[in-house]
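As a plain string of letters, each chain reads:
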Amino acid sequence: MIECTAWIHRLAAELLRAETSDDPEAVHKLRVAAGRLSVALEIAGRRALRDDLRALRRSAARMRDLDVWSARATAAAFAQWLAEERADEHARWVAGRERARTDALLAALATLPPIELSAATNGLARLRKRAAQAGRGLERADAHAWHRLRRRVRRLRYALEWVDGDSKAVEALQEELGELNNLAVGRRLLEACPVHEISRDEERALNEAYEAQRVRALAAWRSHRAHVEEH
Amino acid sequence: MELYLIRHAQAEEHSESGGDEARALSREGRERFRDVVRGLERLEVQFDRVYHSPYLRAQETADLLEPILAGETVVTAALARAPSEELLASLEGGSVALVGHEPWLSDLLSVLLLGWHVYEHPSRSAPFEFKKGGVARLTGKPKPGEMQLVAFWPPRTLRELGSA
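Chains as they are written, first to last, in this note's numbering: chain F, 1 to 231; chain P, 1 to 164.
Calculated from the structure, these hints are not laboratory results.
Note that this is a predicted model, so its numbers are computed, not measured.
Each hint should be verified, as a subset may be incorrect.
[What the hints assert, rightly or not] Here are some of the chain P residues that sit facing chain F, going by a computed Cβ distance under 8 Å:
1. Glu21
2. Ala24
3. Pro54
4. Leu56
5. Glu66
6. Thr73
7. Ser163
Every residue gets a Cβ at the ideal spot worked out from N, C-alpha and C, and that includes glycine.
Next comes chain F alone, as it looks inside the complex:
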């Protein structure tokens, strides 16, 4: 059986922590809990609550991006701007949060019975297929296609973990794709930062890091593709 109770409690706890503190781990764990629960519902063939979980996860996406780069930024002006943006984004998120919808979501999640493992088989196969499809033509992929692959690989990893399957290879692939996304986000944030003049060296370094990571991500896909497509 797939038992979601622990993750539901975690979601509620991290939601409260994310609201009442500026701990980046709370935002990260909130998004992970929402993502994992959404995948549990998907592999169980459920439709309701997935959009509510996605909305909650997405609402905290910018905070997560800012947290990741706050930990990585070395240029002082950029780091300062990130910290200010993060504080503003947190205030916006707290003020604009759809509390009624989230409260109803938590109440609804509390009613869910455990999921039969047998019910998850078709759902897992569907997630494998979608991840495999997203990996086609990766050599010529644009940023959007890489993003789509990353999301689908993440969902496949969560699904494998729900059914106690071997997720190591998929997790390794997800990490490479995740780092590629981090660098893409970094480029966008750097461009958006009004107070820091991006030096040509900095821009070049970030672009080079992105291209190098793209090569690593492609190698990781080739290396682990069979684990994604495994039947």
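Got chain F sorted already, so can you dock chain P onto it with the hints?
Just chain P, lined up with the frame of chain F:
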């Protein structure tokens, strides 16, 4: 807005936890409601949004609407209590389904069509009786007294249409 009020399908008498909110749909309830959904498909009904209460039987009824859902589902506690202006103000979309419970659904229907709550006229019986899996279709602005009834389908009618 085309608004569809849908009472959840038939549920088990009890839940494992003992809580009313955790009662799942019965097997018969699921099968019958799948026929209701096929009936709605035959009528070319499609939703761009489905709102449902947090109760498990409403969630599972919303799940079964997936073949005729083109957009998203939204959980709202406002469908697990008496109808409110808050609920009506929150509705978005062109073709919207609300999956809820009695006695609130028939009260909501009364408010939208007639402008009054059932409890405001205690000497009268409720003007509408929603069976489990029943569907009411309304058109107009989702405000008290501003919608018109297009159809009120007992579940049996839709099941027969769906299995024809």
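Each hint, compared with the structure:
no.: 1; hint: Glu21; result: holds, 5 Å
no.: 2; hint: Ala24; result: holds, 7 Å
no.: 3; hint: Pro54; result: holds, 4 Å
no.: 4; hint: Leu56; result: holds, 4 Å
no.: 5; hint: Glu66; result: holds, 5 Å
no.: 6; hint: Thr73; result: holds, 5 Å
no.: 7; hint: Ser163; result: violated, 22 Å
This entry does not satisfy hint 7, going by the numbered hints stated previously; all others are met.
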